[in-house]
Amino acid sequence: MGVVEVLDPVAPTRAGGWKVDVSRGERNGRVSSEWFNRPDDERYLSLDDLWADVKGRSERSRSRVVQTADIRVEAARDNPERLHLMLPKAHEPVAPTHWAFGQLASIVGAPASYLRQLPAPLAGINLQYGLTNHRAEQVKTFETEDGRTELRAITGLSYGRIHDHELVEAVQRIAGNGTGDTRWKVPGVLDWSTGVYNPDVEISRDTTTLYASDRDVFLFLVDDRNPIEAGKLPDGSPDLYFRGFYCWNSEVGAKTLGMASFYLRAVCQNRNLWGVEDFQEIKIRHSKYAASRFAHEAAPALTRFANSSPQGFVNGIKAARQQIVARTDEDRDDFLRKRGFSKAESGKIIEKVLMEEGRPPESIFDFVQGITRLARDKTQQDARLDMEGRAKKLLDRVG
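The opening position of the sequence shown corresponds to residue 940 in this note's numbering, with each subsequent residue numbered one higher.
List of simulated lysine to any residue pairs, SDA-like, C-alpha gap at most 20 Å: (1) 1287 x 1321; (2) 1331 x 960; (3) 958 x 1132; (4) 1194 x 1105; (5) 1227 x 1095; (6) 1194 x 1094; (7) 994 x 1116; (8) 1331 x 1274; (9) 1331 x 1255; (10) 1317 x 1331.
Restraint ranges, calculated between C-beta atoms of paired labels, are given here: (11) 1243 x 969: 14 to 24 Å; (12) 1264 x 995: 50 to 60 Å; (13) 1224 x 972: 17 to 27 Å; (14) 980 x 1222: 20 to 30 Å; (15) 1242 x 1316: 35 to 45 Å; (16) 1321 x 1269: 28 to 38 Å; (17) 1056 x 975: 26 to 36 Å; (18) 1325 x 1086: 46 to 56 Å; (19) 980 x 1002: 22 to 32 Å; (20) 1325 x 1025: 44 to 54 Å; (21) 1073 x 1224: 20 to 30 Å.
Just so you know, these hints were derived from the structure itself, not from any lab.
Glycine is no exception: its CB is placed at the ideal position from the N, C-alpha and C atoms.
Using the sequences and the hints given, assemble the complete structure.
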């Protein structure tokens, strides 16, 4: 266990992939949520295709500063149910996207949901009144030409834009096309009937994890042809992990820029992540110096994780397995109660480990696994996240 064992991806231990134990670690549903909510036109089969789309969009876009009092709102001449905006020194009107309309309504303090229910001319009158009578201020527009000119965002001057293609380019530097030309690729699929994770699954619109819409991008990739052994399962077989990361951005201010790195044991058909350990996350708000922070903090962190050795992770798991903290029932109950678990919770945690391992918990690792398994039973998200957080904190304190 002192040496990392990276198995040969061309000679898997079992045809079609590797046997994994997804009962351990945490379940992460972030990628599954993206997968479930993305229509076909937001799904991409390669990083090259994704980059071409968002890069082209960026090249057709421009940003400028205008006074709110100088914006004119009118119903579209060709469609009275749509609103157009006339911006200073513009030769033609711009059509706000759904997102930009909400931003504009927020600037004047009007409820966007209410305005969307009104006929366009009446909504326009309300918006125009707000713009004319609201304290005049400078705002930054983001307009994109695509057959017609769309207003995709309207933000304050302090907004620091990080273009979606910049994030994709940072990922391409370590992942190539994301289809297997490097270690990093769109993930495979877990076969629940056999417990075997198969990394070699055809990339289709139903399996891809590369997404982009008019307001954001989201990418998830794994190094799943190079499993890492970090200990043994109760039956003596290897406990296998893979490295993974996902990242996201919105160049129109819909969300932060961020990335998360972790180790996981499998990805299922619904793109849930199973057996997640050592989850680390970075978020960057689109403030004035956001672009600088991305260049000097987030992008290098992604590269470091992609190129780093898993030795530290493996050693941490090893230490957690070896650190015995309880040998009797009284020790076990006392250990959990001192860490804020109720008597009922303590009993359930011990029972979870007993069922899975065939023995009561003894090491830090045993208790962490029992806590994360109990967390999965929680129906309320806050309660589940709180318990998963306590498990992670316990593991972080090892050594």
